[in-house]
Amino acid sequence: MIEPQETPVLDAKGVSKSFGAVLALRDASLRVRKGEIVALMGANGAGKSTFVKILTGVLRPDTGHVRIKGRDSQVGSPAEARRSGVVPVYQEPSLIPDLDVADNLRLGNTRAEPFRHWVAELGIPDLRMDDMIGRLPLATLRILDLARALAAEPDVLLLDEMTAALPTDLVERVLRVIRQQADAGRSVIYISHRFTEIAALCDNATVLRDGVTVGSVPIAPGIEERIVEMMLGADLSHTNAAPLSVKSRPSDLPRLRLRGIGAGPRLTDVSFDLHKGEVLGVVALEGQGQDELFDVLAGNLRATAGTVEIDGRPASFRHPADAIVAGLTFVPGNRSQALLMPRSVRENIALPLVAELRKWGIISKRDEDARVSAAIERLQIDTRAQGEVRRLSGGNQQKVTIARWVAKGVQTLLLFDPTRGIDIRTKRQIYTLVRDLANKGAAVLFYTSELAEVRLACDRAVVIFNGRVVAMVEAADADEPTLLRAAYGLTEKAPV
Amino acid sequence: MTRFLANNGWTLGLAGLLAMLLVATKMIQPEFGVSGLDSLGRASLPFALATLGMAVVVIAGGIDLSFASMMAVCSVTAALLMEGASDGTSALVVLAVLALGAAMGAINGTLIVVTRVPDIVVTLAMLFVWQGTALLILNAPGGAAAPWLRSLIVGGVALPGVSPALTEWLPKSLVFLLACLCAIWLPIRRSKLGLMFYAIGSDASAAFRSGVPVGRTKIAAYAVTGLFAALGGLSVTMSTGIGEPIPGPYLLAAVAAVVLGGVVLGGGRGGLLGPILAVFVLRLVRMDLTLMSVDPNVTTIVEGSIMVVVVMLGGVLATRGRRT
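As they're listed, the protein sequences go chains P and D. Under our numbering, the first residue of the first sequence carries the number 18, and numbering increases by one thereafter. Under our numbering, the first residue of the second sequence carries the number 2, and numbering increases by one thereafter.
Excised from the complex, chain D in its bound form (with noise of 0.2 Å):
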C-alpha cells in the first residue's frame, strides 16, 4: 500500500487538487453543472491530447516543438478533405490523417537518430517546416468537419435503455479523450515497445547494453507522438468545424501539463494518466480566474506564473531524484 502511494502519490495528489478545482468552481459558479462540464471537457480535448502526445516523447527522454505545427497540417487537411464528403469518405480521411500525423512524427524522429542533432534542434526546424505546409494546404480557417465527427464530441454520453439523467453529466468530449488513450496507449504500455520508450528513455547506454534498439525504438516514440498529433488536429477540426493553419497555443501548454503530470523532462519517468489529470486543472484555473472576472491580463499572468513555478518544481524534482 505505501509502494503504491509511493508510486502514485503524484497522481493521486493532482486527482485531489482537481476535485478541489470542481468544487471551488461550483462555488463560485453555483450553476456550474452538465453544459459547463461538456463545454470544458471540448475546450480542454486539443490541450489533453496535445498533452498525451507530448508525454509519450519525454518518456522516451526527447522532446517534440513541431507538435502544434504538425496539429496545424492535419487539422487543415481533415477539413479540406472532409468538405462536402459522404460520411464515409470522411471516415477514410480520417485514417489518412492518423498516417500522415505518425509519418510526420516518424520523420522528426528519424531526423535526429540519423543526423544526432539535438531533438530540440531538430523539431525546432520542423516546427516552421510544418507551419508552413499547413498554410500551403490551407492559408486561412477553411473547410468543414463531418457532422457525424463533430457529434462525437458534443454534448453528454447517451446510453439506449438508460436513463439520460445517469450519463448526460459525462461529456462525449472525455470518453472520446479516454478512448484515445485507451485504444493508443494502453496497447504499448503492456508490450514491449512501452518498456522500450521508459528504457531509453531512463538510461540509453544501458538500454543499448540490455539489447534495445535505440534508434528504432526512438523514431516509434516521435511517431506515437505524430499520431496523438493527428488527434489533435482533428479535435480541433471536429470542435470549431473548420480547419485552422495557424498553430493554436498547444505546445507550451502540453509541456506544462506533461511536467505537471509527473513526467520528468529527460525522460523514464511518469505515465499518462497524470499529465491528462494537470490538462484539466490548468484549464480550470484558467476558467475559475475568468469566472471570477480576473482581468484577462492577470489571467495570463497567473497562467504563465503556473507554469514556470511547475517546471521549475519539475526541474528540482529530477535534479533530486537523479542524486538518490
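The shape of chain P in the complex, shown without the other chains (with noise of 0.2 Å):
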C-alpha cells in the first residue's frame, strides 16, 4: 500500500486567492499521493472551480504555494501546468469546435496512437480523425477530452465533473479505466457530485467550505453522512435530519404544471406544480438541469420532451415574448442580461411599463411615476447613484430587476439565484419583497444555491438532481443537511 512518509504527487498547501473585494479562497490545500484517487468535494461557491484553477495553471494564487512531485511548480499557464504532469479534463469541453479531431490533437502535441487506443477503449469505436469537433455531441467531446489527457501519460490526472453529460454505459467505461490508470501508480483528482461514483472509486476525500480545507477523510461505508457534515460545517453538522415529506397542496388549478420536462443533455424528467401565492424553491447542485429548465420556462429553449400547463391550458414557447405574454416573468441570475447598466434606476424600472405602450396606448406619466417611486422606496433602492445603474452595487442592482416587476405587477416570477454575492440585509429585503409579491397572487419559482435560503424564503423546494426530481421538501424539513443529501441523489431509501 501507500507509504506514509512518500512525498505527495501534488501538494497544494495554504493556496487564497480573491478577485477584489471576493476572497474566494482563504487556506486551501489537497494532497495527493502515487496511486491515489482523491475526491475533491465542497458545496456550490465553497471555492471548487478556483482551486481547480490554481492546480491547473488557468490562475495564479494570492498566496500558497503548489509542489508537483516536491518541487515547487509555478503553474502559470495551462501548458505548464501539462508539461509538469498535470493534465485537466475541465467541465466545458477545451477542443476547437471549428477543427477536426487531427487538428486537435496536434494543437494539444498529443500523439495521434494512444489517443485512438483511448478513444475506442472508452467506446467510441466510429470516431473519424477528420470529424469536425463542432459537429460531435456532447457526450463524445467529453469522451475525447479523457483520451486526449490519458493520451498525455499524466502524473496527476483532474478530473471535473468527468461523468456529467455523459450516458450510463460510458459513465462505466470511464471508471473503469480511471481505475486501471490508479492501478498503473497514476494519481486522479476526481470532481463530482455524484456519491455513488465517489464511493465506489475514490480512495479519499479533500472538502473545502468557504473556501477552506477543512479535511480529509478516507472513503469507507457510511462516509457520505461525515462528508456531508464537514461540507455544511460544525454549526449544522447536529440538525437531525427529517423524512422527506410531501404536503397535499388545496386542490385549486396550479398556475404552473409541468410534467416531464427534458431539454438538452442534462435536463431530463422534471415535473412539479406551482400554485398562486406560493413560492416554490428549486435546489440543484451546479448543472444539474435547472439553467435549462429555467430557460424553457422563460422561452429562451425549447423543451424535448413534457409538457407545460398554465392555469390548466397547454402552453408551448418558441420565443420569450411567449412566455412573457403567457405571464412568466424571468429575472435571470446574470443581472447584466436583465438591465440596461448604462441607463437610470427609473428608466429600468419604467422598462416593463414602458413596454406595454404599444398595447395600452398612452399611459399616464404620472401614474408611472408613482409607481416606480413606490417601488423604490418600498426597496429601500440607494438612488444616490440614480444615474446610471451599473453604478449600483450588486444588491442594489439586483434589487431592481426585482423592483420593476413590483411596479407592474406580475403573475409568476422566475429568480434564477437572486441572492447570489450579495449582502444578508440586502438578502433579507429580498425575502420579503418575494413573500410580499406571492401574498399578492403572484407565484414564484425560486432557484437558489444558496441551501439556508430555503427556509426564509420559500414553502417548498423541489431538489433536482441529474435533470430529475429527486425529492419535494417543505420548508419546515427544510434544513442544509436534508437538502444537501437530497441535492447530491443520497436518499434515506438508498445509502450508498
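Simulated from the structure, these hints should not be mistaken for lab results. Backbone N, C-alpha and C fix where the C-beta goes; we use that ideal spot for every residue, glycine too. There are no misleading hints in this set.
Using C-beta positions, here's what the derived DEER-type ranges look like:
1. Lys193(D) / Pro282(P): 31 to 39 Å
2. Ser361(P) / Leu179(D): 54 to 62 Å
3. His134(P) / Leu266(D): 33 to 41 Å
4. Asp148(P) / Arg190(D): 15 to 23 Å
5. His134(P) / Pro188(D): 28 to 36 Å
6. Met313(D) / Arg100(P): 44 to 52 Å
7. Arg133(P) / Val310(D): 42 to 50 Å
8. Ala126(D) / Leu155(P): 39 to 47 Å
One side only, chain P facing chain D, incomplete, derived with CB under 10 Å:
9. Asp120
10. Arg123
11. Leu124
12. Arg165
Each chain sits in its own coordinate frame; assemble them with the hints.
Shown next as C-alpha cells:
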C-alpha cells in the first residue's frame, strides 16, 4: 500500500485567491499521493472551481504554493501545468469546435496512437480523425477530452465533473479506465456531485468549505454523512434530518404545471406544480438541469419532452415573448442580462411599464412616476447613484431587477439565484419582497444556490439531481443537511 | 467525397460563379482576352492582397480597420525610398517595407492584447494614426517604383523555351498574387501557428485551456495581416508607379470579399482561397456593369447592395452555424 513518508505527487498548501473584494479561497490545501484517487468536494461556492483553476495554471494563487513531485511549481499557464504532469479535463470541453480531431491533437501536441487506443477503450469505436469537433455530441467530446488527457500519460489526472454529461454505459467504461490508471500508479483528482461514483472509485475525499480545506477523510461505507457534515460546518452538523415529506396542496388549479420536462442532455424529467401565492424553491447542485429548466420556462429554449400547463391550459413557448405574454417573468441570475446598465434606475424600473405602451396606448406619466417611486421606496434602493444602474452595488442592482416587476405587477416570477453575492441585509429585503409578491397572488419559482435560503424564502422546494426531481421538501423540513443529501441524490431509503 | 464537398462547397460555388462571370464578360465584350485579363489582374491585385490580410486576422477572431491606412504607409515609404535608387537598393527597400508592415500589424495586435480594448476600437484609432503617418511621409502622391518591380506584375507570363501562346494569357499579376499566398500562408497553414490562428478564432477560452498562448498568437495574426498590408501597399506603388498617401477603398472591399469568400466574421472558419475568388467575383461584377455602360452611380449602388447582401448572408450563416 501507500507509504506514509512518501512524497506526495501533488501537494498544495495555504492557497488563497481573491477577486476584488471577494475572497474565493482562503486556505485551501490538497495532497495527492502516487496511485491515489482523491475526491475534491464542497458545496456550491466553496471555492472548488477556483482551486481547480489554480492547480491547473489558469489562475495564479495570491498566497500558498503548489508542489508537484516535490518541486515548487509556478504553474503560470495550462501548458506549463501539462508539462509538469498535471493534466486536467475541465467541465467545459477544451477542444476547438472549428478544427477536426486530428488538428486538435496537433494543437495540444498529443500523439495520435495512444489517443486512438483510449478512444476505443472508452467506447467510441467509430470516430474519424477528420470529424469536425463542432459537429460531435457533447458526450463524445467529454470522452475525447479524457482520451487526450490519458494520451499525455499524466502524473496527476484532474477530472472535473467528468461523468456529468455521459450516458450510463460510458460512465461505467470511464470509471473502469480511471481505476486502471490509479492501479498503474497514476494519481487522480476526482470532482463529482455523484456520491455513488465517489464511493465506488475514490480512496480519499478532501472537503472545501468557504474557501478553506476543512479536512480529508478516507472513503469507507457510511462516510457520506460525515462528508455532508464537513461540507456544511460544525454548527449545522448536529441538526437531525427529518424525513422528506410531501404535504398535499389545496386542490385549486396550479398556476404552472410541469410534467416530464426534458431539454438537452442535462434536463431529463422534471414535474411539479406551482400554485398562486406560493414560493417554490428549486435546489440543485451546479449543472443538474436547472439552467435548462429556467430557460425552457422563459422561452429561451424549447423543451424536447414533457408538457407545460398554465392555469390548466397547455402552453409552448417559441420565443421569450410567448412566455412573457403567458405571464411568466424571468429574472436571470446574471444581472447584466436583465438591466440596461448605462441607463437610470428610474428608466430600468419603468421599462416593463413602457413596453406595454404599444398595447395600451398612452400611459399616464404621473401614474408611471408614482409606481416607480413606490417601488424604489419599498425596496430602499440607494438612489444616490440614480444616474446609472451600473454604478449601483450588486445588491441594489438585483433589487432593481425585481423592483421593476413590483411596479408592473406580475403573475409568475422566475427567479434564478437572485441573492448570489449580495449582503445579508439586502437578501432579507429580497425575501420580504418575494413574499409580498406571493401574498398578492403571484406564483414564484425561486432557484437558489444557497441552501439556507429555502427555509427563509420558500414554502417548499423541489430538489433536482441529474435532471430529475428527486425530492419535494416542505420549508419546515428544509434544513441544510436534508437538502444537501437530497441534492447529492442520497435518499434515506437508498444509502450508498 | 461528400465530406470534401461539404467542407469546400462554398469555395467550389465561388469558383463556379467566377467561371460564369468570365463567360458573361466574354459575351458582353467579345474582344475580352489577354489584355483584358491582364488589366483585370493588375486592378484586382491590391484588393486581393488586402482581402488576404483581412482574412487572416478575421480567421483568428479579430478585425483590422486600419488595413488601408497601413497599405498607404507602406506605399509611400516604398515610393519615397525607391525614387532614384538602384536595383539592389530597391530590393532592400522592399524587404524593409515588408518588415515595416509586419511591425505595424504587431503594434496593432499588441495594443489589443495589452489594453484589452476591443479590436474594432483599437484598429479604428490606429486607422487615423497610420493615415496621419502616411501623409507625414509624403503629403501628395509622388515618389517612384523600381522598373524591375513594375515588370513583375505587367503583362503575361513568358517562359524561356515555351511558346508565348501557351503562357501569355496568364497575367503576371496573378502569378505574383499566388506566389505571395504560397510564400506566406502555406507555411503558416501547415504549421502549428496556423492551427493556433483557427483555434483562438474558434474558441479562445478552449484554446487557452488546450495550452495555446492566446495573446502571442493574436499578435502574430495581426503581424501577418500587417505583412499582407505591406504587400498590398507595394502593389499599389508597383501598378501606379508612385506612392499614394490617401488610403484607397480597400478596407470595406476587403471585408466584403472576406465574408463572401466564406470566412466567418467572428473567426475560426474559412480559408484564403475563397476570399481570393470572391475578390475577382466582385471586380468582375464591377467591370461587367461598366462594360454594359451602366451609369457609374448605379454601379456603386449595385456594388454596395452586393456587399450588404453578402454580409447579411454571412451573418445568417454564422448564426445558423453557431446553433448547430
